[in-house]
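Work the whole structure out from these sequences, hints included.
So the chains spell out like this:
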Amino acid sequence: MAVRREKDGAPGYTLTTLESLIAWGRKFSLYPFTFATACCGIEVMGAFGTHYDLSRFGAEVVRFSPRQADVLLVAGTINYKMAPVLKRIYDQMLEPKWVISMGACACSGGFYNNYTVLQGIDKILPVDVYIPGCPPNPEGIIDAVVRIQKIIETGAPRAADRWPIK
Amino acid sequence: MSIVLDRLRERFPADVVSTHSNFGDDTALMRRERIVEILAFLRDDPELLFDFAMDLTGVDYLGEEPRFEVVYHLYSLEKKRRVRIKVRLHENDPVIDTAVSVWPGINWYEREAWDMYGIVFRGHPNLKRILLYEAFEGHPLRKDYPKAKRQPTIGPEE
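From first to last, the protein sequence lines are chains P and H.
In short: position in the first sequence from 1, add 679, done, that's the working numbering.
In short: position in the second sequence from 1, add 29, done, that's the working numbering.
Hint data in this document are derived by calculation from the structure and do not stem from the laboratory.
Hints should not be assumed to be uniformly reliable.
Stated by the list, open to error - With a cut-off of at most 20 Å between alpha-carbon atoms, the simulated SDA-like pairs for lysine to any residue come out as follows: (1) Lys172/H with Val100/H; (2) Lys178/H with Asn758/P; (3) Lys802/P with Lys178/H; (4) Lys178/H with Ile803/P; (5) Lys760/P with Tyr162/H; (6) Lys760/P with Arg158/H; (7) Lys776/P with Asp840/P.
To be verified - One-sided and incomplete, this derived list gives chain H residues near chain P with beta-carbon spacing under 10 Å: (8) Leu160; (9) Tyr162; (10) Tyr174; (11) Pro175.
Even glycine gets a Cβ: it sits at the ideal position worked out from N, Cα and C.
Following this line, the structure appears as structure tokens:
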């Protein structure tokens, strides 16, 4: 028997799980830590600026302390001398944490196939999302943040959970 | 002929291997034994006054003997002259006296030449790598450094 319902302003209720509620909160409050070493950093600034406005996705609070950040955004060339610094910053971040590798250099060394450049930060860190490009445009960064949100939303395993790749 | 090279030949006849002034660039190839004395003379001689050591580089002539070369680029702010002093070093003994006592600013150039070519500057106050890190293996600008060689990734210091 159908019950006639009217809009009476009552809040009603919804059923969910604690995990999905937390995931919903996390998804819209990603605090990025930008590790910008090269021209990719300029594109990151563009993405955080008013024109592309990454704050639409809840990721506008750039934290310059790794202890307050959720997402490590590696933008630029990482050489062997810089690698321990980057690893330490990753270690200092609190769980749960995600890593975005931005640009050709961070993903694979780019065209710096030489004696001093690390051939991809995935040699030392678990990377969740790669952004191709040299440098990628701000839409790429927005796409990466949305993909991180999808990982959180669906509860998909993070790269850190299957690291190191055997 | 150039007054700089003339003064050098006159003062150190036994140390000059060869000289040339191609395109107006005075260049002297010297022996390494009295190099500090030669450089101090170039700095102090009232006709030369090379008070500015612009650069010091290494060169690797792989396959030749002597294999390595150290090049000093000097400039005189007073006389507005330039000169290049070259010294060849053997592969099994790439050692030369440091010129820090002549120009303190040459300190970091010598460290760079040690870093990139493995040329030892005897008596240098702080002959450590300047651009690369301490755990780096080899000297990357040597021509026999393997192109695809990768360095061990070091972790955070504990």
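Under the criterion that the straight-line Cα-Cα distance not exceed 20 Å, is the pair Lys178/H, Ile803/P satisfied?
-> holds, 18 Å
Is the interface hint for Tyr162/H satisfied, with its Cβ closer than 10 Å to some Cβ of chain P?
-> This interface hint holds because 5 Å falls under the 10 Å limit.
Going straight from one Cα to the other, do Lys172/H and Val100/H come out at no more than 20 Å?
-> holds, 17 Å
20 Å Cα cutoff - pair Lys802/P, Lys178/H | Roughly 15 Å separates the two Cα atoms, so the pair holds.
For the pair we were handed, Lys760/P and Arg158/H, check the Cα-Cα distance against 20 Å.
-> holds, 12 Å
Lys776/P paired with Asp840/P [C-alpha distance capped at 20 Å] | Cα-Cα ~11 Å, so holds.
Under the criterion that the straight-line Cα-Cα distance not exceed 20 Å, is the pair Lys178/H, Asn758/P satisfied?
-> holds, 14 Å
Could you check if Tyr174/H really has its C-beta closer than 10 Å to a C-beta on chain P?
-> At 7 Å from the nearest chain P Cβ, Tyr174/H passes the 10 Å test, so the hint holds.
Taking the least C-beta to C-beta distance, is Leu160/H closer than 10 Å to chain P?
-> holds, 8 Å
Holds or violated: Lys760/P with Tyr162/H, Cα cutoff 20 Å?
-> Given pair Lys760/P, Tyr162/H holds - Cα atoms ~6 Å apart, limit 20 Å.
So, Pro175/H near chain P? Judge it on the closest CB pair being under 10 Å.
-> holds, 9 Å
Hint compliance for this structure: no hint is broken.
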